[in-house]
Amino acid sequence: MEIEDREEIGGYTLLRYSWESAIEPGQFAMARVAGYPVTFDPFLARPFSYYDHDSETASLLFEVRGRGTALLDDARDRIEVSAPLGRGFRIDESRGPAALLGGGIGVAPLKILSRRLNALGVCHDVFLGFADTRYAAVAEDFPGASVATVDGSAGIHGTVLDAVPDLERYEAVYACGPNPMLAAVKRAVGDRVICQLSVEERMGCGNGSCNGCVVPVRDGGYVRSCVEGPVFDAEMLAW
Amino acid sequence: MEIEDREEIGGYTLLRYSWESAIEPGQFAMARVAGYPVTFDPFLARPFSYYDHDSETASLLFEVRGRGTALLDDARDRIEVSAPLGRGFRIDESRGPAALLGGGIGVAPLKILSRRLNALGVCHDVFLGFADTRYAAVAEDFPGASVATVDGSAGIHGTVLDAVPDLERYEAVYACGPNPMLAAVKRAVGDRVICQLSVEERMGCGNGSCNGCVVPVRDGGYVRSCVEGPVFDAEMLAW
Amino acid sequence: MKNDLQTLQLAIELCGIALETPLIPASGTMSKEALGEVAGVYGAILPKTTTPKERAGNPPPRIAETPAGMVNSIGLQNPGIEKFLEGLDDFDLGVPIFVSVAGDAVDEFVALCDCLAGDDRISAVELNLSCPNVEHGGLTFCAGPTSVEEVIGACRAAYPGKPLFAKLTNEGVVANAIAAEESGADALTVINTIPALTIDPESQSVLVRGGLSGPAIKPVALRAVYDVSRAVNIPVIASGGVSTGTDVAEFMLAGATVVQVGTISFVREPGEILREFSEYLDRMGTTASELTGAL
Amino acid sequence: MKNDLQTLQLAIELCGIALETPLIPASGTMSKEALGEVAGVYGAILPKTTTPKERAGNPPPRIAETPAGMVNSIGLQNPGIEKFLEGLDDFDLGVPIFVSVAGDAVDEFVALCDCLAGDDRISAVELNLSCPNVEHGGLTFCAGPTSVEEVIGACRAAYPGKPLFAKLTNEGVVANAIAAEESGADALTVINTIPALTIDPESQSVLVRGGLSGPAIKPVALRAVYDVSRAVNIPVIASGGVSTGTDVAEFMLAGATVVQVGTISFVREPGEILREFSEYLDRMGTTASELTGAL
Ligand SMILES: Cc1cc2nc3c(=O)[nH]c(=O)nc-3n(C[C@H](O)[C@H](O)[C@H](O)COP(=O)(O)OP(=O)(O)OC[C@H]3O[C@@H](n4cnc5c(N)ncnc54)[C@H](O)[C@@H]3O)c2cc1C
Ligand SMILES: Cc1cc2nc3c(=O)[nH]c(=O)nc-3n(C[C@H](O)[C@H](O)[C@H](O)COP(=O)(O)OP(=O)(O)OC[C@H]3O[C@@H](n4cnc5c(N)ncnc54)[C@H](O)[C@@H]3O)c2cc1C
Ligand SMILES: Cc1cc2nc3c(=O)[nH]c(=O)nc-3n(C[C@H](O)[C@H](O)[C@H](O)COP(=O)(O)O)c2cc1C
Ligand SMILES: Cc1cc2nc3c(=O)[nH]c(=O)nc-3n(C[C@H](O)[C@H](O)[C@H](O)COP(=O)(O)O)c2cc1C
Ligand code: FES
Ligand code: FES
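Chains as they are written, first to last, in this note's numbering: chain A, 1 to 239; chain B, 240 to 478; chain C, 479 to 773; chain D, 774 to 1068.
Worth flagging that the hints you see were computed from the coordinates, not collected in a lab. None of the values given here were measured: they were computed from a predicted structure. Check before you lean on any hint, since a few could be wrong.
[Said to hold, decoys possible] Far from chain D by the CB rule (all over 12 angstroms, computed), these chain A residues:
no.	residue
1	Asp-41
2	Arg-76
3	Ala-137
4	Glu-168
5	Arg-187
6	Val-199
7	Val-223
[As the list claims (entries may be wrong)] Computed list of lysine to any residue pairs in SDA-like fashion (alpha-carbon distance at most 20 angstroms, straight line):
no.	chain 1	residue 1	chain 2	residue 2
8	C	Lys-640	C	Ala-589
9	D	Lys-856	D	Pro-834
10	D	Lys-935	D	Ser-956
11	D	Lys-826	B	Leu-406
12	D	Lys-856	B	Val-462
13	C	Lys-561	A	Asp-219
14	D	Lys-805	B	Pro-404
Even glycine gets a Cβ: it sits at the ideal position worked out from N, Cα and C.
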């Protein structure tokens, strides 16, 4: 895929490329800088939620963690990106208002989700938690969002849940972030309302073949987060 | 190393980078596009003779054969290059005229060698053999050189040895090319005169550590071409 | 997908079964969800190993990336033989279906063979012998020739008339291959993943203890295929690090009759590999069936 | 090269020998010519394996690149123990010198130990047990516990008073490790290269049949080090795919006391690896000696 545009948003990097087919909010792509014949190392592609999509251009927002993301951060011309994968958020248009909760890079799928909710006329509020102000910079892309930082350097001092003044008033909660945060959201929301969580597991294939990306489910056993998820109904998860 | 300049010369690619320390004609460098942390695959660096060096800029001339050279061919900004390695040509200033014989990409060390011979006032002729006219394009960089091509598309129809009208008149022969060509040169020259051959073996380390790059020698056993060579006195080699 | 010339070029016979191409998926590396992408690419389909009862598999993390490879510890997650057979028609791409089975005792293997023996949809069975054997203190069924003979002998009796493949691990592969041939295996799949471990230096803990696969292990698998195909007279099915069309050629030159595509399918389309292999055959002016052992 | 703090941070003890750093070169991967680059980096020096008589080694091609690794078949080219000892002073960098030896029969190992026993310049001997054993039909000395015990027992008697290391291959490593400890080895080097093969698909011929090394084998070596260090009570010296500073940490976490740097030194400065390791220790607020087995 030709990279059309590259932008730094605080601690994150945004890559845009041309993509016209449909993308569901919460779906992800497997991406990497280059594969065969260039290299077999790093070997696997990395999963990234779609950050945004406007019928012509898709974008990925990412944080540099290890080698795979460092190379993506250096990429100038082209990257290898799959088609949209996985099951995204299932939106019940009749349920509102909705709360969108993002923890750290978990902010990624909330932009495209917010766009979809706007299109469907579902009113919603966005709450974002970050480590510090550097990462919180991306909140500017979410007008009206409430922000919390762990070090108190921007917004409220605390986690994303601390930024939600009145969780009870929402009929649907959509969250993405590190698994411990998602577990906290699940506990806080209870089973009153729709609660959908986009989980983060290591992925091998992204298409259901390797069984590497599983999450434990309530009924026992494991399901693959790349095909059954990455967005799960909170009640389905064992944690 | 920052690539200063990149040029296509027929079928070959020329890379220039800044290098001020001494380089002996016939020495080589180990080069590759990138190593750790970018990648461990391709794993090894590749050996390349210095094509030229003018006290500020060194250059490598190469042919794309496999993956390592294909990546070098794509490199735009930087490559990883070692310092000069190995033993180059040993020039006896009192012996002339000299014949420089290059077969295919074996042309590489002859430019820097010719420059040195000129500086030392050793008169010499250059003979180059190529597969076809596309590769023969580099001969333009050797004014006065005699050229042969295997398909007859440029210069004399035949091998580089066919391009030498009178081998007997030279007191020193310096040759680089595929090992079968070098063996043929050795046979043709006999032991009358100085005959030095730059051999081509697969290399692992380039610094004598792996014992991977050996050539069989007359006295039995093998010697490492990266430290004892790559330029050998023809009489020393077992072939 | 293929024209007539390619059909001739790629066709191969394995234990009397005609395959349109010499590529098959390695067990455990291709799900139903991914079947759409491989129509016309694989000469046969080989789903993930099935055990007698459902297995939940291991808790995550199950995979870790390594230089030019990955380590996995899936723990044979599968729905059990009964559910597997109910869903078997989903794997029908018009090519033969091979079924991989594993148990943790000889009688489990036998019970699995019993379930499969009468099923017309299945063309052959691959015994995955890399699982821990509860009767032998947790060593795998590949631990030594005696253990290999025992399980294959029993399965041979329980699964008559159709080809039985034995999938061997790298450790002791030649001795096990000879034992497998003698006890009635019709072909040998060589090799499975190589025991390995990854550690996370930041959390200072074991990340995944499991099996190494991918390009990294190709030279080890190639050696095993080469040595085994010279030690036995039955066909060898290569598995381990196959990643490109020339890799397929290398394994066939080493002695393989067909070649399994595993981990690489997570990052490359198997169709690309077949295309590269076909280009290789064109370049060399040869066919797949001429390549086996043509070293 | 190192300041006082780093000296404390990196110092390690191996079988009573004080080492300034936990890195040592893997046998056969560092020549005299490359010594200049490693002063201050290695805690001890370990030259290429020496045999009783000079060996010419194998004809080229001896090496082939593989995904994230290489296969070599050098054939133990070396000048023989006599010439080796004549040139030993060239390896004097002011750090302990370990000497690697190999023979093709037990008495050759013993003869080698006899030559080394009185030599003050040598701090320890590493027995390279991966060579073919002529008395056992060409199987290596690592073929099984009996063979391991025989050679180590004999060498232990011939080389008294100073540490004796046994270098084991991956196949059967835990059983061999236990046997080596029981027969008197003071430390175990784990692992050597993994048997492998490369084929050139263009010339359709075997390129190199030899041993696989480099980053590709790291997870296999890590597993072996982890398992062996849990099975024995003597120190483990890691070898296999170490390529970065965090790799050094991973091997020590897995249970290694010191770590050998092999193939990677062909493409990276060993000093870089030590620097990265030191940075890791800084980041974690720990020291090398605390790291071993701290999982
Ligand atoms: C469905 C899904 C959507 C994601 N969306 C985004 C996104 O939009 N933006 C973004 O920056 N990140 C996203 N991630 C996380 C992203 O995949 C990892 O940060 C990335 O794989 C790390 O690769 P690396 O090479 O930089 O790190 P590595 O060197 O591979 O590892 C560095 C760290 O990242 C963790 N990690 C490695 N691989 C994964 C993985 N596959 N999943 C989770 N953690 C991993 C490791 O535990 C390790 O601590 C998503 C993950 C999933 C599963
Ligand atoms: C001292 C020396 C100087 C050299 N100088 C030059 C030069 O100036 N310009 C130039 O283009 N080439 C030169 N070569 C050859 C060059 O090193 C190889 O072409 C290169 O390593 C091939 O790498 P690759 O990744 O493209 O090919 P690979 O994919 O590794 O292999 C492709 C083909 O190249 C051959 N090959 C691979 N590695 C080597 C190797 N190390 N030496 C020889 N052949 C190899 C293989 O047999 C194979 O047929 C030199 C080689 C040596 C030993
Ligand atoms: C994620 C994963 C799951 C696997 N599951 C199985 C399995 O269920 N049964 C089996 O016989 N082999 C299984 N394997 C091994 C592969 O079939 C194959 O033999 C091995 O990975 C080596 O080949 P490769 O390097 O091409 O992947 C699995 C491998 C991977 C990577
Ligand atoms: C070129 C080469 C030569 C080697 N020679 C020897 C040797 O003489 N003796 C020995 O015990 N090991 C030898 N080895 C094995 C290494 O010492 C080391 O155990 C192995 O390569 C695995 O480590 P690595 O992946 O870090 O290289 C050699 C390895 C290579 C690559
Ligand atoms: S990533 Fe392979 S099954 Fe989900
Ligand atoms: S390339 Fe390693 S010794 Fe010459």
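The hints, checked one at a time:
A:Asp-41, annotated as away from the interface, has a beta carbon of chain D within 12 angstroms; the closest lies near 5 angstroms. Listed as a non-interface residue, A:Arg-76 keeps its Cβ farther than 12 angstroms from every Cβ of chain D; the least gap is roughly 25 angstroms. The Cβ of A:Ala-137 sits about 26 angstroms from the closest Cβ of chain D, beyond the 12 angstroms cut-off, so the non-interface label holds. The Cβ of A:Glu-168 sits about 43 angstroms from the closest Cβ of chain D, beyond the 12 angstroms cut-off, so the non-interface label holds.
Consistency note on A:Arg-187: stated as away from chain D, and its beta-carbon is indeed over 12 angstroms from all of that chain's, at 31 angstroms minimum. A cut-off of 12 angstroms between C-beta atoms confirms that A:Val-199 is not in contact with chain D; the least separation is 26 angstroms. Every C-beta of chain D lies more than 12 angstroms from that of A:Val-223, the closest at about 27 angstroms, which supports listing it as non-interface. Annotation: proposed proximity of C:Lys-640 to C:Ala-589 holds, straight-line Cα distance about 16 angstroms (limit 20 angstroms).
Distance hint between D:Lys-856 and D:Pro-834 is unfulfilled; the C-alpha atoms sit about 26 angstroms from each other, more than 20 angstroms. Distance hint between D:Lys-935 and D:Ser-956 is fulfilled; the C-alpha atoms sit about 15 angstroms from each other, no more than 20 angstroms. In summary, the hint linking D:Lys-826 to B:Leu-406 is not supported, as the alpha carbons are separated by about 44 angstroms, beyond the 20 angstroms threshold. With a C-alpha separation of about 16 angstroms, the suggested pair D:Lys-856 and B:Val-462 falls inside the 20 angstroms cut-off, and the hint holds.
Between C:Lys-561 and A:Asp-219 the CA atoms are separated by roughly 17 angstroms; this keeps the pair inside 20 angstroms, and the hint holds. Straight-line distance between C-alpha atoms of D:Lys-805 and B:Pro-404 comes to about 45 angstroms, which puts the hinted pair past the 20 angstroms bound.
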